[in-house]
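*Asks:* Read top to bottom, the protein sequences are chains A and B. Each residue of the first sequence is one higher than the one before, starting from 1 at the first, in our numbering. Each residue of the second sequence is one higher than the one before, starting from 76 at the first, in our numbering.
Any given hint might turn out to be false.
As the list claims (entries may be wrong) - Here are the simulated lysine-lysine pairs, DSS-like style, with alpha carbons at most 25 Å apart: (1) K275(B) to K41(A); (2) K382(B) to K41(A); (3) K383(B) to K176(B); (4) K74(A) to K26(A); (5) K422(B) to K191(B); (6) K73(A) to K23(A); (7) K111(B) to K52(A); (8) K275(B) to K20(A); (9) K10(A) to K186(B); (10) K275(B) to K383(B); (11) K383(B) to K186(B); (12) K74(A) to K23(A); (13) K236(B) to K140(B); (14) K275(B) to K69(A); (15) K41(A) to K26(A); (16) K5(A) to K74(A); (17) K41(A) to K422(B); (18) K41(A) to K5(A); (19) K176(B) to K111(B); (20) K20(A) to K10(A); (21) K382(B) to K186(B).
Quick caveat, the hints were computed from the structure, so don't treat them as lab data.
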Amino acid sequence: MNADKVLDAKGLACPMPIVKTRKSMKDMDSGQVLEIQATDKGAAADLTAWAKSGGHDLLEQQVDGDVLKFWIKKG
Amino acid sequence: MSVTPMTAAHVARKVMDNEPLFILDVRNGDAFADWKIEGGNIQYLNIPYFDLLDGVEEVIDQLPKDRDILVVCAKEGSSIMVADMLAEEGVETTYLSGGMKAWSEHLEPVKVGDLKDGGELYQFVRIGKGCLSYMAISGGEAAIIDATRMTDVFLNFAQEKGATIKHVFDSHLHADHISGGRHLAEATGATYYLPPADAKGVTFEYEALESGFEAGIGSSKVEALYTPGHTIGSTSFIVDDQYLMTGDILFIDSIGRPDLAGLAEDWVGDLRESLYQRYQALTDQLTVLPAHFMIMDELNEDGSVAKKLGELFKENHGLNIEDEQEFRDMVTKNLPPQPNAYEDIRKTNMGQITPEDEMQREMEIGPNRCAVR
């Protein structure tokens with residue numbers, strides 16, 4: 001899936017994946033897609049809940065070995 | 076303004092002593108709804124940490140001034156962040172050291188009785204997950220029943236008591252938590268016993284636990300009684316004709332569910348026979364010691380989970396359903412969700428897979444869910 005921006009949050013523990021995601025999103029325009037790569041297992045549930053509460057769209061998520069990948073469209 | 080950690084052991088003590096506590100749980104809403112620190116005198120506020128990144132001002136009004144505040148998250152990182160932010164606003168809090176993972180792993184030993192000739196019986200209360208393990212000690216020897224994954228706790232406890240672990244039992248093949256039984260036996264040279272009917276897929280050596288089997292420790296004895304129903308092999312234990320370890324067949328305020336190995340319809344008859352005939356044939360004076368509790372109301376004042384069999388026959392709803400069809404419906408329909416990762420947990424307990432420690436922790440997250448009420 002194409003992304004406008006890629007955030008490498010691998011190796012970061014909670015809460016950093018979300019803190020960084022939020023920061024990256026702030027610099028983006030509505031409708032743009034951010035790809036997030038994380039290794040913290042808690043990121044899946046938290047990113048899903050965070051995207052929902054912030055009005056963003058979690059378009060897709062994949063598991064690639066130890067890396068969790070998420071694509072979120074800014075709302 | 077300080078931010079101090081509070082250990083899971085400290086929180087467990089507070090819960091057991093029914094002390095007041097305010098928990099600000101900063102996990103996401105689903106995680107909080109699924110599983111949290113339970114206690115009779117706890118007040119809660121759940122606001123996910125990601126909703127507090129812009130500031131904690133709006134939370135402060137919702138925090139009490141007259142009780143300790145504990146900030147809780149999954150692993151501790153987010154709770155430290157939120158506690159720090161609160162400290163900057165002048166609000167003093169503590170955070171749960173190690174988060175809900177540490178809570179899930181904490182074991183609190185509680186003495187449940189004396190055995191003859193100075194022996195002792197201990198219950199290990201895994202308060203965060205509701206698992207109960209047992210150690211009977213007599214004459215410098217110990218037997219352990221339904222040990223959890225945190226084997227160091229049992230090894231250290233036996234050492235403190237000057238006891239050698241001789242026998243390690245599992246009442247059945249567990250589906251909600253990873254057994255420490257095999258590793259305890261390997262570490263101590265003790266014998267590991269499993270009911271053979273549950274051990275079909277097991278990849279390691281074990282001793283078959285047959286009904287009527289007796290093991291001696293010091294002056295005491297542990298007797299096996301076949302009581303299938305939660306699993307086809309489920310076995311209870313009677314210690315010194317005084318204590319009845321019921322595994323996942325009978326709890327204080329509920330009974331075992333027969334579906335975690337996928338065979339609810341087949342095993343419901345066994346479950347009924349174990350509860351309504353085999354236990355009924357025993358003396359009312361036995362103290363029932365289950366392998367789980369589900370709600371904090373099942374704990375006694377001293378933190379133990381134990382009740383006389385006679386009282387359970389009077390009070391436990393699951394032991395008082397006369398109609399067979401009604402009983403069958405209760406234990407096969409409208410069952411609660413299954414425990415987290417229960418299939419992988421069963422495979423781990425059979426030795427078919429060996430996940431890394433961190434993975435084992437993840438697999439065990441959440442409540443045990445072994446009962447129907």
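*Asks:* Now tell me, hint by hint, if it's right for this structure.
*Replies:* Status of each hint after checking the structure:
Of the supplied pair hints, the one linking K275(B) and K41(A) is violated, its CA atoms being roughly 33 Å apart against a limit of 25 Å. Between K382(B) and K41(A), the direct Cα distance comes to roughly 40 Å. Violation of the 25 Å bound is thereby established for this hinted pair. Proposed proximity of K383(B) and K176(B) is contradicted: the alpha carbons are some 33 Å apart, above 25 Å. A threshold of 25 Å between alpha carbons decides the hint, and for K74(A) with K26(A) the separation of about 9 Å falls inside it, so the pair holds.
Our distance criterion of 25 Å between C-alpha atoms is broken by K422(B) and K191(B), whose separation comes to about 39 Å. The suggested pairing of K73(A) with K23(A) holds, with an alpha-carbon distance near 14 Å, which does not exceed 25 Å. The suggested pairing of K111(B) with K52(A) holds, with an alpha-carbon distance near 22 Å, which does not exceed 25 Å. For a cut-off of 25 Å, the pair hint linking K275(B) to K20(A) is broken: about 49 Å separates their Cα positions.
At most 25 Å may separate the alpha-carbon atoms for a hinted pair to count; K10(A) and K186(B) exceed this at roughly 45 Å. The straight-line distance between the Cα atoms of K275(B) and K383(B) is roughly 34 Å, outside the 25 Å bound, and the hint therefore fails. For the proposed pair K383(B) and K186(B), the alpha carbon gap of about 16 Å is at most 25 Å, so the pair holds. A hinted pair counts as satisfied when its Cα atoms are at most 25 Å apart, and K74(A) with K23(A) qualifies at roughly 12 Å.
Annotation: proposed proximity of K236(B) to K140(B) is violated, straight-line Cα distance about 43 Å (limit 25 Å). Note on K275(B) and K69(A): the hinted pairing is violated, with a Cα-Cα distance of about 39 Å set against a maximum of 25 Å. The suggested pairing of K41(A) with K26(A) holds, with an alpha-carbon distance near 24 Å, which does not exceed 25 Å. At roughly 11 Å between alpha-carbon atoms, K5(A) and K74(A) fall within 25 Å of each other, so this suggested pair holds.
Between K41(A) and K422(B), the direct Cα distance comes to roughly 21 Å. Compliance with the 25 Å bound is thereby established for this hinted pair. A C-alpha spacing of about 22 Å is found between K41(A) and K5(A), which places the hinted pair at or below 25 Å, so the restraint holds. In summary, the hint linking K176(B) to K111(B) is supported, as the alpha carbons are separated by about 11 Å, within the 25 Å threshold. Using a Cα cut-off of 25 Å, the hinted pair K20(A) and K10(A) holds, with the two alpha carbons roughly 11 Å apart.
For the hint pairing K382(B) with K186(B), the CA-to-CA distance comes to about 14 Å; that is within 25 Å, so the pair holds.
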